[in-house]
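Participant: Each chain is listed here by its residues.
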Amino acid sequence: MKRKPFAYLFAVLCLGVFLYSQALAEKNEGPSPAVADEKLTLVQAAMCEGIKDYNPYNEAVVFSRTIGKVSCFTSFDPVPEKMFIYQNWFHRDRLSTKIKLFLQPPRWSTFSSIQLREADKGPWRVEVTDQGGNLLHVLRFSITD
Amino acid sequence: MSELLIFLSSVRWQDLVDVTLSSYILFRLYFLFRGTHVFRVLIGIALLWFSQRIAVSLGLIVTSWGIQGITAVAAFIIIVVFRNEIRSVLQAKNLKSILWGFRYVSMSTPVERIIESAYELARKKIGALIVFPGKDDLEEVVHSGIPWRGLVSKEMILSIFWHDNPVHDGAAIIQGDRIIEVGAILPLSRREDLPSYYGTRHRAAAGLAEATDALVIIVSEERGDVAVAKGAEFDVVGRKEELARILRHHMGLPLVEEGYPKKQILRLGIAALASFLFIAGVWFSFTRGMYTLTTLEIPVEYTDVMAGMEILDTSVNAVRLDLSGSGALVKSIRPEQVKVRLDLSKGVVGPNTFNITHENISLPPGVVLKTVEPPTVEVTLDVPMKKELPVQVDWVGKLRKDLILAEAKVSPKRIRVVGGAQIVDGISTIYTEKVPLDNIHETGAMTVGLALNPASLQISPDSDDRITIKYTVKKRVE
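Respectively, the protein sequence lines represent chains E and S. For the first sequence, the working numbering assigns the number 1 to the initial residue and increments by one for each residue that follows. For the second sequence, the working numbering assigns the number 1 to the initial residue and increments by one for each residue that follows.
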């Protein structure tokens with residue numbers, strides 16, 4: 001019976017140590033380094049005449065109107081979650097079209113195209129932005145005869 | 001009545017000053033030269049000019065041409081022929097008397113006092129020579145005179161010719177109410193027809209009278225008589241009234257003493273009124289007569305742009321003004337006399353519309369603005385700013401079908417431009433001038449300029465205005 005107070009004190013100390021360790025564990029909790037690296041990254045962007053086998057072909061900065069269309073190819077790795085990007089096509093400084101493209105994790109390639117007309121001749125640019133509107137890349141090219 | 005009111009409302013304060021000032025100048029010219037030959041000739045020229053205008057209006061070609069020629073050289077003739085008169089008028093007076101002095105006070109030669117003095121000298125057998133200059137300048141013929149400038153009085157004249165006075169042998173010259181010189185030596189006459197009893201004093205009087213248009217009174221010391229010499233005439237004058245008439249005639253004074261200066265004032269008043277009417281008539285004929293229209297293209301001067309702002313664009317750089325006025329005025333308008341100034345101090349950033357009103361246009365006096373075309377001007381103002389822009393090549397033409405232009409790198413990649421904030425804000429890329437593809441067959445480089453659009457855009461002085469393009473050409477993959 002004499003040893004009961006010590007047992008009670010030991011139990012209280014054990015509880016204190018447990019609660020303190022829990023508090024420390026909560027304070028240090030955050031994203032793990034592996035999760036932090038999961039940021040949308042553009043690994044390839046190119047203007048091309050078309051897409052073949054999931055890759056752009058005839059990448060160029062000048063396209064003849066006679067080829068009929070021009071494409072903007074973009075590839076992302078990693079893609080942390082399901083999300084989307086925008087490809088904004090500008091003829092000179094005037095926005096011509098804004099195309100929304102969905103991305104799937106863990107990596108994804110996508111493209112948009114425009115049909116070429118006589119009136120489309122001149123300098124163009126495509127601004128690639130994330131879903132928050134942050135500029136990721138600018139591609140510049142010309143449509144000629 | 002309403003026409004009169006319209007006319008009066010169209011008269012500007014400048015017109016009133018113009019007519020008043022010109023009338024006064026004409027009146028002063030009359031006042032300074034009245035009674036002289038110059039004045040008579042001036043009137044003659046005015047009549048000639050008037051005749052010439054009538055001849056023109058009647059279509060008399062040769063007559064108008066002849067009168068015009070005479071009138072044109074008349075001014076020159078006046079200066080040459082009447083140089084002595086003009087000099088005496090201008091030299092004898094100070095600036096005050098030329099501009100606003102009235103000579104009638106000094107003109108009032110005390111004829112009666114002089115006559116009394118002359119006959120008193122004669123009674124006392126005191127010899128005397130008194131000269132009254134005409135229009136001719138005496139300086140060249142009269143010598144050794146002592147300036148006096150004393151007021152004429154009987155006592156003064158008696159004392160000048162008193163035996164013991166050192167200057168009693170010379171002549172006294174009287175002009176207006178003053179004895180201007182005493183002891184003057186006159187040129188002696190060489191005439192043979194003068195009586196043998198005439199001494200040196202008489203010969204001196206005759207000599208001056210022959211050489212000039214002056215009148216000389218001679219008081220004989222021996223015989224105690226009074227004689228007058230003028231021109232070739234030499235007469236003894238026995239009666240005071242006769243001498244008074246001769247003197248008054250010589251001085252251009254009325255033969256009978258008039259209520260002076262009332263009549264003088266009346267005469268001057270009439271002259272002033274005539275001057276005013278004449279000038280008003282000339283002014284009216286110049287500004288109201290012969291209604292003529294003309295059209296001028298005048299550049300607009302933009303002024304007082306607010307600090308920090310600049311003119312980006314204007315709808316017009318010049319306006320067309322339809323002007324009217326008398327034929328003489330309209331024909332004499334030179335484009336540099338007409339100004340169109342637009343005050344931009346109240347302009348704001350962006351497009352502004354300004355009305356062109358009479359306040360914006362300065363015209364020569366007497367010319368009236370009818371219409372302005374266009375009546376408004378659009379002025380775009382902006383605040384200049386600097387912006388760095390990426391450079392992009394503006395390719396044109398056609399590349400060979402088997403080739404693709406895979407890459408093109410520009411250097412420098414970015415250029416700083418200066419322009420209006422509104423314009424620069426809307427620009428995100430600056431393009432090169434058009435670069436043709438037709439001659440590109442392989443990888444290479446070239447240097448091109450920049451295309452600045454709009455033209456108000458400028459490349460910042462700290463930026464390069466030439467762009468180097470390094471391009472890569474590849475074979476097309478089919």
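Careful, some of the hints might be misleading.
[Stated by the list, open to error] Restricting the straight-line Cα-Cα distance to at most 27 Å, the calculated cross-link-like pairs of lysine-lysine (DSS-like) are:
| id | chain 1 | residue 1 | chain 2 | residue 2 |
| --- | --- | --- | --- | --- |
| 1 | S | K398 | E | K69 |
| 2 | S | K413 | E | K121 |
| 3 | S | K401 | E | K121 |
| 4 | S | K409 | E | K69 |
| 5 | E | K69 | S | K346 |
| 6 | S | K154 | E | K121 |
| 7 | E | K121 | S | K124 |
| 8 | S | K474 | E | K52 |
| 9 | E | K121 | S | K125 |
| 10 | E | K98 | E | K39 |
| 11 | S | K386 | S | K339 |
| 12 | E | K121 | S | K339 |
| 13 | S | K413 | E | K98 |
| 14 | S | K339 | E | K98 |
| 15 | S | K398 | E | K52 |
| 16 | E | K52 | S | K154 |
| 17 | S | K339 | E | K69 |
| 18 | E | K69 | S | K475 |
| 19 | S | K154 | S | K124 |
| 20 | E | K39 | E | K121 |
| 21 | S | K125 | S | K240 |
| 22 | S | K475 | E | K121 |
| 23 | E | K69 | S | K474 |
| 24 | E | K82 | E | K52 |
| 25 | E | K121 | S | K370 |
| 26 | S | K386 | S | K434 |
Just so you know, the hints here were simulated from the structure itself, not pulled from any lab data.
Participant: Next, verify each hint and record whether it holds.
Facilitator: Checked hints:
no.	hint	in the structure
1	K398/S / K69/E	16 Å, holds
2	K413/S / K121/E	23 Å, holds
3	K401/S / K121/E	17 Å, holds
4	K409/S / K69/E	24 Å, holds
5	K69/E / K346/S	52 Å, violated
6	K154/S / K121/E	115 Å, violated
7	K121/E / K124/S	126 Å, violated
8	K474/S / K52/E	18 Å, holds
9	K121/E / K125/S	125 Å, violated
10	K98/E / K39/E	23 Å, holds
11	K386/S / K339/S	35 Å, violated
12	K121/E / K339/S	47 Å, violated
13	K413/S / K98/E	26 Å, holds
14	K339/S / K98/E	54 Å, violated
15	K398/S / K52/E	25 Å, holds
16	K52/E / K154/S	138 Å, violated
17	K339/S / K69/E	59 Å, violated
18	K69/E / K475/S	19 Å, holds
19	K154/S / K124/S	13 Å, holds
20	K39/E / K121/E	37 Å, violated
21	K125/S / K240/S	17 Å, holds
22	K475/S / K121/E	22 Å, holds
23	K69/E / K474/S	20 Å, holds
24	K82/E / K52/E	24 Å, holds
25	K121/E / K370/S	51 Å, violated
26	K386/S / K434/S	24 Å, holds
Hints 5, 6, 7, 9, 11, 12, 14, 16, 17, 20 and 25 from the list above are not met by this structure, while the remaining hints are.
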